[in-house]
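So the protein lines, in turn, are chains H and P. Heads up: the first sequence begins at 16 in this note's numbering, then just goes up one per residue. Heads up: the second sequence begins at 836 in this note's numbering, then just goes up one per residue.
Be a bit skeptical, because a hint or two may be false.
[As the list claims (entries may be wrong)] Which chain H residues stay away from chain P? Per the calculated CB distances, all over 12 Å, these:
# : residue
1 : 51
2 : 97
3 : 120
4 : 126
5 : 128
6 : 143
[Stated by the list, open to error] DEER-style ranges, computed between Cβ atoms:
#  : chain 1 : residue 1 : chain 2 : residue 2 : range
7  : H       : 184       : P       : 900       : 46 to 54 Å
8  : H       : 63        : P       : 933       : 53 to 61 Å
9  : H       : 134       : P       : 933       : 25 to 33 Å
10 : H       : 96        : P       : 838       : 37 to 45 Å
11 : H       : 96        : P       : 936       : 30 to 38 Å
12 : H       : 225       : P       : 917       : 38 to 46 Å
13 : H       : 22        : P       : 933       : 40 to 48 Å
14 : P       : 889       : H       : 140       : 48 to 56 Å
15 : P       : 897       : H       : 227       : 20 to 28 Å
Calculated from the structure, these hints are not laboratory results. For each residue, glycine too, the CB sits at the ideal point set by N, CA and C.
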Amino acid sequence: MSRRARITVFAFAAAGLAALLVASVVDLPAFGHYQGAYGNQLNREAVAERHTTNVVTAVVFDYRGFDTLGEEFILFASVVGVTLLLRRHKDSEDEESVLRKAPDDHTRSDAVHVGGLLVPPALFLLGLWLVAFGLVTPGGGFQGGVLLAGSLFVVFLAAGFRPYHHLTPTPWLDFAEGMGAAAYTLLGVGALLAGASFLHNFMGPGLRGTLESGGSLPLLNWATAVAVTAAMLLLFSEFLESYVVPSTRPLR
Amino acid sequence: MSYLPYIVAVWLFLVGLYGIATSRNLIHLAVCLTVMQSSTYVLLLAIGYKHRGTAPIFYGVPVGSRAVDPVVQALTLTDIVVSVTVVGLILALALDVHRRAKTLDPDEIAALEG
Chain H
16 MSRRARITVF AFAAAGLAAL LVASVVDLPA FGHYQGAYGN QLNREAVAER
66 HTTNVVTAVV FDYRGFDTLG EEFILFASVV GVTLLLRRHK DSEDEESVLR
116 KAPDDHTRSD AVHVGGLLVP PALFLLGLWL VAFGLVTPGG GFQGGVLLAG
166 SLFVVFLAAG FRPYHHLTPT PWLDFAEGMG AAAYTLLGVG ALLAGASFLH
216 NFMGPGLRGT LESGGSLPLL NWATAVAVTA AMLLLFSEFL ESYVVPSTRP
266 LR
Chain P
836 MSYLPYIVAV WLFLVGLYGI ATSRNLIHLA VCLTVMQSST YVLLLAIGYK
886 HRGTAPIFYG VPVGSRAVDP VVQALTLTDI VVSVTVVGLI LALALDVHRR
936 AKTLDPDEIA ALEG
């Protein structure tokens, strides 16, 4: 099909789709007037039940914790997929030769060096805070984990590939990614051993509005943070390595 | 005006779809897909919004205050994670395609495979 024909077909299809979508959204409750029974009930009861003041985190790691288990394995599967696609070109190459072949990207600007010293620790600390207090104030394992990974990625931006590569050894990332996902699952099994259903919050609710609140929720939160940090760093590393050491060999 | 956020979501979805249908570069296509997915964030958050509602975080705010729906916010979080994983996979596949075909233009790739 020629490009012009494709755009013509698309124009008709999109006009039909637009009409259907608009017709369906105008029947939604008017903006600002939604009364979700489930959400309202959680807003009323989650704090009293779990003692965590962030209800979104309570939904993610407790009330709908099983969905988050699935989400975590989606992330895991994606990292495995990217790794399988990109890493197989490097079978014959060991770490040493990757580092030897990498181009010289050492930064020589003092301003970038100073920034590289200041920004990553600040971002890392902010990431830890977001994870730790994710059940009290805005934050959580996913958000904090992305920030933790981002703080290490700034090292690449400020100092180049080799320091970043030394800071994030792939075997450790593989281990952390697996352990994060495993810890989440094992906490679910822990609930089974305690006589409750899978992933049930089997520990006491603790002190309201503190880091001790939520029972097993903060543990699931930290397991997720570790898995997300490792997953993001693994994705960065795989793309970076195939960028600095491009393989010209086509796949079969 | 009360349907404006929903219309924004529809617009983002269609504009992303247009980008995908006319894309000449797989990386551009992946970005268009994230635009499409952001329409679902807008839709979910717009549905859960309540007038004069605060965030569903009751730290320093008494329980029972008017707050927006926490369930759609958790769903949006899931949505973002899925978006990241999908974009990661598409970009890895794009690298793979570029290695084989030496191009990222979907039309040229289709032409190569006959």
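Hints versus structure:
no.	hint	verdict
1	51	5 Å, violated
2	97	4 Å, violated
3	120	19 Å, holds
4	126	30 Å, holds
5	128	30 Å, holds
6	143	18 Å, holds
7	H/184 <-> P/900: 46 to 54 Å	47 Å, holds
8	H/63 <-> P/933: 53 to 61 Å	55 Å, holds
9	H/134 <-> P/933: 25 to 33 Å	32 Å, holds
10	H/96 <-> P/838: 37 to 45 Å	39 Å, holds
11	H/96 <-> P/936: 30 to 38 Å	20 Å, violated
12	H/225 <-> P/917: 38 to 46 Å	32 Å, violated
13	H/22 <-> P/933: 40 to 48 Å	25 Å, violated
14	P/889 <-> H/140: 48 to 56 Å	27 Å, violated
15	P/897 <-> H/227: 20 to 28 Å	21 Å, holds
Checked against the numbered hints listed earlier, the structure breaks hints 1, 2, 11, 12, 13, 14; every other hint is satisfied.
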